[in-house]
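**Q** Take these sequences, add in the hints, and give me the full structure.
Chains as they are written, first to last, in my numbering: chain A, 12 to 178; chain B, 949 to 1400.
Keep in mind the hints are simulated off the structure, nothing from the lab. Since we're looking at a predicted model, the values are computed, not measured. Heads up, none of these hints are tricks.
For lysine-lysine, the following DSS-like pairs were computed, each having C-alpha atoms within a straight-line distance of at most 30 Å:
#1 B:K1197 <-> B:K952
#2 B:K1289 <-> A:K160
#3 B:K1251 <-> B:K1393
#4 A:K134 <-> B:K1132
#5 B:K1018 <-> B:K1132
#6 A:K15 <-> A:K134
#7 B:K1327 <-> A:K134
#8 B:K1254 <-> B:K1226
#9 B:K1090 <-> A:K37
#10 A:K160 <-> B:K1382
#11 B:K1146 <-> A:K70
#12 A:K37 <-> B:K1132
#13 A:K87 <-> A:K162
#14 B:K1254 <-> B:K996
#15 A:K25 <-> B:K1146
#16 A:K25 <-> B:K1090
Derived list of chain A stretches under chain B, where covered just means 3 residues or more per stretch with a C-beta under 8 Å from a C-beta of chain B:
#17 22-35
#18 39-48
#19 76-86
#20 102-108
#21 138-146
We treat Cβ as the ideally placed atom computed from N, Cα and C, and that holds for glycine.
Listed below, chain by chain, are the residues.
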Amino acid sequence: MSIKFNDTQMAEFKRLVDRYPQEYQKSALIPALHLAQESFGGWLSSETMDYVAELLSIKPIEVYEVATFYSMFNLKPVGKYLFEVCHTGPCMVSGSDNIVQYIQEKLSIKPGETTADGLFTLKTVECLGACGYAPMMQLGKHYREHLTKEKVDAIVEECRKNAAINN
Amino acid sequence: MGVKLLLENAHIEGIRFYETYRKHGGYRSVEKAIKTMSTDEVVEEVKKSGLRGRGGAGFPAGMKWSFIAKPEGVPRHLVCNADESEPGTFKDRYLMEFLPHLLIEGLIVSSFALGSHDTYIYIRGEYAWIVDILEQAITEAKNNGWLGKNILGSGFDCEIHVQRGAGAYICGEETALIESLEGKRGNPRIKPPFPAVKGLWGRPTVVNNVETLAAVVPIINMGGEEYAKIGVGRSTGTKLISACGNLRKPGVYEIDMTISVEDFIYSDEYCGGIANGKKLKACIPGGSSVPILPANLLLNTAKGEKRIMNYEGLSDGGFATGSMLGSGGFIVLDEDQCVVKNTLTLARFYRHESCGQCSPCREGTGWMEKILHNIEHGKGKMSDIDLLWDIQSKIEGNTICPLGDAAAWPIAAAIRHFRDEFEWHVLNPEESQKRNYGLAHYADKIHVPVTA
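**A** Structure follows, in structure tokens:
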């Protein structure tokens, strides 16, 4: 994959940068990394990070130190569908352990691993602010809440279908 | 029914969109403030209202505003803290998702009062879909003349921008948030200088929580004095409580801070009692950082009086027998929950979220998680409990930002009130893997000594 924003992505990048005073365009770094991660395969390779550094006229190290600090930036490739299941206190008391366990068994992967077909990655994450609707996970841009085994089955099925359509 | 100032219209279909919001009285506070009040008068109303920061610290908002420096020729900024990351807290999400225009309206009035021409909403990165909701509301407001150049012909210009974070609890701390907004790691700054003097890009900055800024709308509409009449003492106005855990009806509730904790948990107007007919064992009433209380001390103070759901009520008794209102993240544990395990997940959370700048927090949070992991998994020693106490006491007060305290308090309170449950785990390593300690004596009536 060549690391270069297409015209639409570049227009979005310009919109992000324009929100800050001219001399402080580094402020756009985190939004720009989100855009880069979405645009280039769901993770940040060093090539991607260097590209963002160049666009913002900052040193690559300034990008690396930020990318390694924030938990939403993936520094390794992840599956097409990333299941981020919350396991902090309020989700734990509402049964998140069972959900994590069930996904592990269903997909035969442990937290941090990706299925052999490259479709699913399982990750346990800390509180996502959905405590009243627990157990829950983040999938892409949205939250999936009040999870049960049946709901997990349906989500996995939905992902497999979407993947088949997009192939 | 209690008074509702923020969520009054939350049930109206289409209230998320401009036309409906406006039809129900939206943006009146902007008209009132910009057309009939000076900036100082707006600040004065907020001071009179007694509004306290709704993010967790409870610092008077009007006073915070009055600290902003006004050096000649230097732009000032208002930053809205929408980083909501305190476990148990999901009230700002509710406001932004269902009443985005209420926040935008509050932001315009507040930006006017503070002289902020570029105002930023810093929202936690995971709330990705809410960014779209807010940006749409901003566009609608702008298309209708509430944002942009020369608002209502007043000569006041204002733009609101939404910036996403990327997963870091620490960015809810205002100086870490500012660092993050500048495109850096979220390492809190040493204060002073405070943001009011040197904040975003070295400019005077006020950082306020979403709910605080939304509350500015009713304050301007009804006047600060009227607002202050709601509630009791220094707990004025209404507060959003996000209730979760083992409740029949978890969710976001607006309370007027005069009801008792017992009514909040058990009445049908609010949480409807404990789920599945279980008994209440413990509760963390103000977000994961505040002290956990056993059922008996939660419902009644040490003096045997009913505990009230407000700043003073929840902190009655100090940390010895009380807790804090904090962010309003109300986490309920039923009789089947294990306090050791719950404390372990919180210790893991703080270890994960420590930014690593200060060694007591960076090292201490890791040690605490490790020790709790051992106790929870039947490998603990009696001396570990004292060791935990010792570590937490050496983190508290010894770090740049309050994350250190936030990590120490839950552990201190768990040992203070549930020491026998920790000891049971140590003494019964095998049994503790198979069953929970249960309700034990945690809901028993408190003995109130009678003094002559």
